[in-house]
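**Q** Here are the chains, one letter per residue:
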Amino acid sequence: MALSERRIARYARQLILPGLGEAGQERLLAARVRVVGAGPVAGPALLYLAAAGVGTLWVDDPDPSGEGDAGAWIHPPDGRGRPRTAAAVEAVRAASDLVEAGVLRPGAGPTAVLVAGAAQDVARAVAEEARLLGLPHVVAEADGEGGAVTVVPVGAPCYACAFRAGHGAEPTPAATAQVGALAALELVLLLSGAAQAPEGRRVEVVRGQPMARATLRLPGCACAGAAARPAP
Amino acid sequence: MTPRARIDIRAYACPLTWVKTRIALERLAEGDALEVLLAAGEPLDNVPRSAAEEGHRVLAAEPAPAEGPGAWRVVLVKGAPREEPA
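Protein chains in written order, with the numbering used here: chain P, 1 to 232; chain Y, 1 to 86.
There's no promise every hint is true.
Claimed, not checked - Label-pair distances were calculated between CB atoms; the ranges are:
hint : chain 1 : residue 1 : chain 2 : residue 2 : range
1    : P       : Met-211   : Y       : Glu-26    : 27 to 35 Å
2    : P       : Asp-97    : Y       : Ala-11    : 45 to 53 Å
3    : Y       : Ala-80    : P       : Glu-67    : 55 to 63 Å
What the hints assert, rightly or not - A short list of chain Y residues far from chain P (calculated; beta carbon distances all over 10 Å):
hint : residue
4    : Arg-4
5    : Ala-5
6    : Pro-15
7    : Gly-41
8    : Glu-54
9    : Ala-61
10   : Ala-71
11   : Val-77
12   : Ala-80
Said to hold, decoys possible - Not everything, but these chain P residues come out facing chain Y in the computed CB check (under 8 Å):
hint : residue
13   : Ala-12
14   : Gly-21
15   : Leu-189
If you're looking for bench data, these hints aren't it; they were derived computationally from the structure. We treat Cβ as the ideally placed atom computed from N, Cα and C, and that holds for glycine.
Make the full structure from the sequences, and use the hints.
**A** Encoded structure:
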């Protein structure tokens with residue numbers, strides 16, 4: 001499948017990046033990403049994924065927009081009380097009409113998962129579900145003035161292996177934006193194939209400075225067992 | 001060397017001139033030649049230079065008046081894929 005003229009024009013500058021090219025852009029177009037969370041961390045991530053040309057974005061968040069969403073990029077100031085997903089889908093559609101955007105439906109069949117700013121127990125559960133389904137996933141957590149992005153390609157040490165507790169501080173708007181955008185970039189690298197032979201890694205952001213480390217499997221963790229089946 | 005493919009990018013401006021050329025090169029095998037019809041000026045300056053920077057060979061660059069006023073014909077030979085920067 002060749003990219004349309006519109007897509008070539010839209011993604012021109014990305015298409016000429018080393019390691020991406022038309023094949024990588026086509027892989028992004030074919031990707032269907034479940035984004036868990038539609039708040040301040042997810043906002044920049046959703047816009048980034050839309051601008052990068054990910055084909056389908058499904059937003060998954062049960063909550064209505066609240067006070068903390070006012071600076072979340074995708075939520076209008078007067079949007080309090082509306083479902084977060086509605087604002088997120090509208091923002092993605094406004095950012096690009098080349099992307100399919102919607103609220104996650106049962107049986108949707110994503111090819112990858114991004115967890116963006118979800119509660120710790122939700123992040124763990126969603127990451128484990130993605131691992132068992134054989135889906136690559138990225139988890140973004142903002143914390144105080146920084147946060148962390150955990151990248152789990154298929155077969156890599158799982159999110160629980162990579163987890164390190166943060167301070168649990170209320171994240172600043174700059175931290176949520178940085179961590180969200182960084183998570184989207186990591187997912188684009190995974191989905192496009194620009195990251196050749198990707199390994200699991202965790203990028204810690206401390207006062208704006210990202211530091212990446214390879215993740216290690218905890219002894220005895222279930223993720224070392226039978227390899228999860230690859231995505232269809 | 002007979003070009004395996006031919007593109008005409010005279011209707012495009014930067015950066016699409018190089019984008020179109022790069023996509024056409026991507027579709028070829030190493031060692032295949034691509035004929036590019038382009039306009040003098042910015043495309044003629046930049047497309048062969050970008051191709052050379054990415055490891056392709058510029059086999060020919062010559063005016064092609066038969067194709068129209070200001071047309072140039074550039075033949076590129078696809079190079080080996082290079083190691084991506086870490």
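**Q** So which hints don't hold here, by number, going up?
**A** 2, 6, 8 and 15
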